[in-house]
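**Student:** One letter stands for each residue in the lines below.
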Amino acid sequence: MSENKDIEQHPGDGHEGGHHHINYLGIYLALVVLFLISVAGPEVGELTGLRWITLVTAFGIAIVKANLVIQNFMHLKWEKRLMKWMLATSLILMFLMVAGISPDVMNHEGNNWENIAAKAAVERGVEAEVEEAEPVEVVAVGFSAEGAYRSICATCHGAEGMGDGPAGAALVPPPANFTDPAFWADRDRDRIVAVLENGAASVGGSSLMAAYGGLYTDDQISELADYVMAFAPGE
Amino acid sequence: MAHAKPLATLRSATGIPTGRLAVWWVLASEVVIFGGLLGSYLMHRIGHPEWAAAAAHTQTWIGAVNTFVLLTSSFTAVLAHQAAERGNGKEAAKLLGLTILGALTFLVIKSFEWANEISHGYTITANTFWSFYYTAAGLHALHVIAGGIIMGFVAFDAYRGRELHRVELIGIYWHFVDVVWIFLFPLLYIAK
Amino acid sequence: MDRFLLQASTYASSIDGLILLIGVLVGFWFLLAEGLFFWLIWRFRARPGEKSQYLTGKEKHVKRWITIPHALVLLCDVFIIIGSVRVWYDVKQQLPEPDSTIRVIGQQWVWSFQHPGPDNVLDTDDDIYTANDLHVEIDKTYHYKLESRDVLHDFSVPVFRLKQDAIPGRSITGWFRPTVAGDFDIQCAEICGIGHGIMAARIHIEDANTHAQWISAASAATTP
Amino acid sequence: MADTVADVHQHESAGHDDHHHEQNFFVKYLWSTDHKIIAMQYMFTGMFMGLIGGYMAYVFRMQLAFPGISVPGFGQVSPGEYNALITNHGSIMIFWLAMPVLIAAFGNFLIPLMIGADDMVFPRINRLSFQIFFVSVLVLLASLFVQGGGFGGAWTSYPPLSAESTYNLTDLGSSLWLLAVALEFVAFLLGGINFITTLMNSRAPGMKAYDIPIVCWMIVIASILFMLSVGPLIAGAVMLLFDQVLNTGFYDPTRGGDPILWQHLFWFFGHPEVYVVLLPAIGITVDVIATFARKKIFGYKLVLYTAVATGVLSFFVWAHHQFVAGIDPRMANVFTITTLLISVPIAELLFVMIATLYGGSIRLTTPMLWALAFIAEFLIGGVTGIFLGASGADIYFHDTYFVLAHFHYTFFPIAIIGTFCGFTYWFPKMFGRMMNETLGKIHFWGTIIPFNFIFIPLFVLGMGGQHRRIYNFQHFPELAGPEMYQLREIATISLLIMLAFQAVFFYNMIHSWLKGEKAGKNPWKSNTLEWTTESPPPHGNWPPDQMPVVYRGPYEYAHPDREEDYWPQDEPA
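Residue numbers (this note's numbering), protein chains in the order written: chain A, 1 to 235; chain B, 1 to 192; chain C, 1 to 224; chain D, 1 to 573.
Calculated directly from the structure, the hints in this document are not laboratory data.
C-beta: ideal position from N, C-alpha, C; glycine also.
Be aware that a few hints might be false.
Stated by the list, open to error - Computed list of lysine to any residue pairs in SDA-like fashion (alpha-carbon distance at most 20 Å, straight line): (1) LYS208(D) / MET83(A); (2) LYS525(D) / GLU50(C); (3) LYS58(C) / VAL308(D); (4) LYS521(D) / ILE442(D); (5) LYS301(D) / GLY381(D); (6) LYS515(D) / PRO536(D); (7) LYS58(C) / ASP211(D); (8) LYS119(A) / PRO49(B); (9) LYS140(C) / GLN213(C); (10) LYS145(C) / THR124(C); (11) LYS119(A) / ASP328(D); (12) LYS525(D) / PHE407(D); (13) LYS80(A) / ALA13(B); (14) LYS301(D) / VAL62(C); (15) LYS94(B) / ARG160(B); (16) LYS94(B) / ILE149(B); (17) LYS145(C) / GLU571(D); (18) LYS441(D) / ALA519(D).
As the list claims (entries may be wrong) - Here are a few chain C residues that face chain A, going by a calculated C-beta distance under 10 Å: (19) GLN93; (20) ASP150; (21) GLY195.
Generate the whole structure from the sequences, applying the supplied hints.
**Tutor:** Right under this line is the structure:
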């Protein structure tokens with residue numbers, strides 16, 4: 001077929017208007033100058049104390065620079081209108097996406113909600129985090145081993161530790177019965193602590209027993225383990 | 001069939017050569033990838049003024065040098081395109097070689113910069129600012145690496161006077177990589 | 001809707017009313033479209049020797065058959081939008097003054113509830129903590145503060161027609177006002193791991209006397 | 001981009017060989033750059049994955065209807081396994097059945113044939129795209145068998161559940177699942193660019209924009225939607241992967257991240273994704289209806305414009321999946337309005353399809369039955385969507401079985417009915433033989449009737465407040481009543497019947513492939529270009545000196561000036 005056979009041989013002919021003469025060096029120099037201004041921007045901003053100067057030099061110039069590159073180096077200026085529309089569409093979509101998301105992600109409070117953790121993070125500041133790197137715990141106030149057992153463990157393991165909690169009935173394997181001597185035959189306190197801390201799967205048990213190390217401190221886990229040990233039938 | 005390429009590749013109903021059309025579509029999909037990442041970063045950055053303290057540890061002058069390197073490599077890429085348009089494959093290959101050199105310089109500087117930052121404890125997990133910093137710059141660096149490798153192939157061909165239109169295609173892609181950096185530079189380094 | 005499930009909050013009936021409104025509007029379109037569709041299939045089945053008609057759909061009087069329903073659909077949409085936004089505004093946006101406030105905390109795979117206790121103020125020493133049992137008084141307006149300790153959960157009370165995700169790190173406030181006494185389900189309606197299926201709780205809606213009794217009994221039990 | 005240039009680069013030398021030499025089996029069927037072979041690779045990989053997805057549905061439906069039994073062919077279903085099953089059932093049916101079959105398989109097979117080209121513009125990228133897709137299949141299947149089991153955080157994969165292995169307990173499974181999805185996206189980005197450029201540039205001489213068959217338009221619009229929507233999710237998936245393996249805190253609220261961000265990024269892709277798979281299915285249906293009603297499409301441009309309008313609107317409705325997910329309640333109002341507006345173009349598309357029937361001469365062949373069933377069933381899916389798009393009603397319906405039944409009433413017509421419709425219609429072209437009509441009709445009724453009996457009970461259960469992803473309802477007294485179990489059992493038994501009837505299809509396919517009646521060039525007397533070449537088409541589709549030239553639009557059926565009731569696009573006036 002003869003149609004369009006020339007295109008491959010003559011790059012550039014696809015442009016409307018064929019060859020065009022651009023002063024590439026001039027554009028490059030303009031880019032370098034703009035770049036220097038954007039680097040100097042923060043200094044000027046600091047000297048004058050006007051923060052907006054930094055923003056203008058940083059992002060305003062970035063847009064100008066990007067435009068210069070796109071129009072001249074990428075030849076979008078001479079490209080078909082179709083392509084311009086297409087690229088514009090993808091950009092506009094991104095702006096609309098950010099507009100749709102920002103009320104939730106950028107703000108830390110809104111209509112009937114607040115982002116406590118984000119506010120805490122702002123409050124805490126970044127340096128503290130780098131030094132301590134301690135995750136904040138969202139633990140309810142007033143810990144007691146009994147309270148914790150009642151509110152969390154008892155759902156499956158039962159208030160008396162017999163593995164008969166209301167939510168436990170459906171589980172396969174069933175929740176452990178702490179009053180069963182057979183259960184304690186091969187278990188010691190370290191194992192209970194490990195299971196509470198990292199979940200039963202960590203010691204080869206059922207993955208249904210979740211990890212609570214993130215929820216309680218080591219001391220609290222230890223107290224809770226003692227509470228559980230107390231169910232064990234006497235020697 | 002005498003054509004090495006399918007006839008389909010040679011047709012051009014839109015008037016835009018197939019290769020260039022495809023490159024523009026690739027760029028459109030890249031715009032939304034980077035747009036999603038930078039948009040997420042921007043929203044977090046505005047919501048977390050305390051990140052300024054972390055951003056203060058980025059080294060503006062290294063970023064600035066890298067910006068300059070990329071701008072210059074973009075310039076050599078467009079000169080290569082000009083040479084290819086004139087049919088001068090050897091010249092185009094030489095200029096593409098310079099562009100690859102720019103890409104390598106960029107990557108070397110980048111690796112020194114990262115090594116320095118990591119040795120100061122600013123790793124990707126140090127804080128979410130640093131997570132964004134490494135993810136965004138890393139994604140961009142990945143594009144630099146890919147561009148450099150493809151440019152090697154294109155230059156190899158161009159030197160033998162083959163497939164000269166690809167010099168323009170890789171150039172368009174390379175300018176896009178440059179444009180992404182033009183926005184990353186103020187986002188990560190200047191705005192503190 | 002109330003045939004399936006009791007309406008036990010003040011806004012349950014307005015949500016059901018909205019569902020009914022939508023049901024009637026789209027039901028009409030649905031029956032019309034399906035009816036027309038099957039009639040056309042029957043009417044224009046292939047008959048030997050009969051050629052189909054050549055219609056492009058470009059002529060104005062033919063196009064009418066699309067544009068008029070099109071406008072009517074838009075009109076129906078407007079009704080639905082208005083109804084929907086009004087209900088939404090009442091349930092989620094505009095909260096009435098509360099008689100009492102509770103905190104609801106989801107975690108893998110337990111609901112814990114923090115009741116204000118005898119002094120009716122949240123976050124004081126006499127708060128009552130329970131797991132998987134929420135006690136509320138009938139005909140009192142409650143605000144809930146919804147939080148999560150680990151992953152996403154969803155506080156769902158079907159008889160209230162209430163549903164709200166719990167998000168770690170956030171506190172989301174909403175309201176309800178029970179109107180029927182009894183024990184009902186609370187579900188977790190957002191997948192939260194393997195125990196999602198056991199994350200059931202009960203809400204106990206009690207009259208004033210029973211509720212007061214429960215408060216005194218519960219606070220007696222938890223006071224050290 | 002990387003692949004674009006490198007690929008074309010190597011094409012010169014290797015592509016040459018493909019055209020001339022005797023090829024062994026490996027080169028011909030597994031390493032081919034021929035768009036038809038690649039289409040078949042996608043088609044059968046997709047169908048295979050569909051069977052796996054169906055098997056998963058069977059296992060968890062059995063567990064739901066008869067909790068605790070040992071499911072034949074699986075065994076007892078634990079909660080973790082149940083979650084992994086539903087997660088992977090959803091992902092497979094959307095990402096590994098609907099997309100590869102509707103977009104990749106039909107796109108690859110139809111676009112070059114329908115626009116009169118000899119292949120895709122970048123055949124080697126096309127092959128690469130399938131290879132990446134195939135790797136993604138392997139990774140996904142591997143994720144089911146690693147330690148800890150398959151990922152169980154639902155196909156939406158909301159963090160923090162998906163981000164931390166202490167929460168989801170599937171350390172490797174979730175990372176592999178995410179990797180598989182990401183690879184699949186890359187495959188479809190490459191494929192999509194190929195489809196778009198091919199349609200834009202490689203049309204036969206004389207074929208103007210409005211002479212392109214609707215199905216090609218739809219696949220390309222879908223590819224554009226996919227390309228423009230998937231970017232943010234790719235970025236989001238990289239962040240999620242880093243959260244999983246590098247322990248970053250992008251979605252960890254205590255470290256300055258935000259779990260809501262993922263939901264937005266996911267649904268910014270996730271909602272257009274629905275239209276990505278819907279549009280090709282509509283395109284297939286429109287083409288089949290035009291052929292068997294012997295009618296010109298009622299308003300070709302109308303279809304096209306409404307499809308574009310749907311596509312554009314679909315970018316602005318995403319948060320209706322998140323009404324009660326903790327987004328700011330004020331935003332919900334905006335998204336309610338856009339969501340209900342999108343019902344207008346979709347309703348219009350269906351009206352157009354129904355109007356096309358008017359004045360036709362309708363032949364109820366198997367493909368036509370599938371096409372009509374698409375309209376009838378999709379209408380149910382469409383109207384129930386209105387309930388969910390209205391924020392007020394969604395407070396109640398969110399995450400109940402009503403939602404589940406609704407999207408199965410959209411996705412089943414799309415992925416299953418659309419596939420069968422296209423497959424039975426183009427089967428003669430693909431394999432050169434006709435399918436058995438009787439078996440086809442048995443399969444049709446055996447699929448459609450049970451389908452309705454699966455999901456109508458689920459609508460009722462949803463209205464009764466039954467919510468999703470619960471492996472056993474015994475902890476919810478309101479959901480454990482006997483009448484509810486009866487409904488669940490009806491659904492499960494219907495599913496068993498429906499799955500059993502699929503055997504008829506596979507028997508029919510294999511039997512017709514080997515022994516079916518020979519199909520000529522144009523068994524359906526259709527207008528579009530693919531019917532002007534041999535069945536199956538040879539490599540290069542047409543002899544090089546007989547490439548088709550187009551003189552008219554694709555739907556000139558029953559033109560008053562002509563004796564025959566069809567008028568092929570390439571026949572000179």
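**Student:** Against each hint, give a clear statement of whether it holds in the structure.
**Tutor:** Tested hints:
| no. | hint | verdict |
| --- | --- | --- |
| 1 | LYS208(D) / MET83(A) | 19 Å, holds |
| 2 | LYS525(D) / GLU50(C) | 16 Å, holds |
| 3 | LYS58(C) / VAL308(D) | 19 Å, holds |
| 4 | LYS521(D) / ILE442(D) | 26 Å, violated |
| 5 | LYS301(D) / GLY381(D) | 25 Å, violated |
| 6 | LYS515(D) / PRO536(D) | 15 Å, holds |
| 7 | LYS58(C) / ASP211(D) | 16 Å, holds |
| 8 | LYS119(A) / PRO49(B) | 11 Å, holds |
| 9 | LYS140(C) / GLN213(C) | 16 Å, holds |
| 10 | LYS145(C) / THR124(C) | 15 Å, holds |
| 11 | LYS119(A) / ASP328(D) | 17 Å, holds |
| 12 | LYS525(D) / PHE407(D) | 35 Å, violated |
| 13 | LYS80(A) / ALA13(B) | 12 Å, holds |
| 14 | LYS301(D) / VAL62(C) | 14 Å, holds |
| 15 | LYS94(B) / ARG160(B) | 12 Å, holds |
| 16 | LYS94(B) / ILE149(B) | 15 Å, holds |
| 17 | LYS145(C) / GLU571(D) | 71 Å, violated |
| 18 | LYS441(D) / ALA519(D) | 19 Å, holds |
| 19 | GLN93 | 6 Å, holds |
| 20 | ASP150 | 7 Å, holds |
| 21 | GLY195 | 7 Å, holds |
Checked against the numbered hints above, the structure breaks hints 4, 5, 12, 17 and satisfies the rest.
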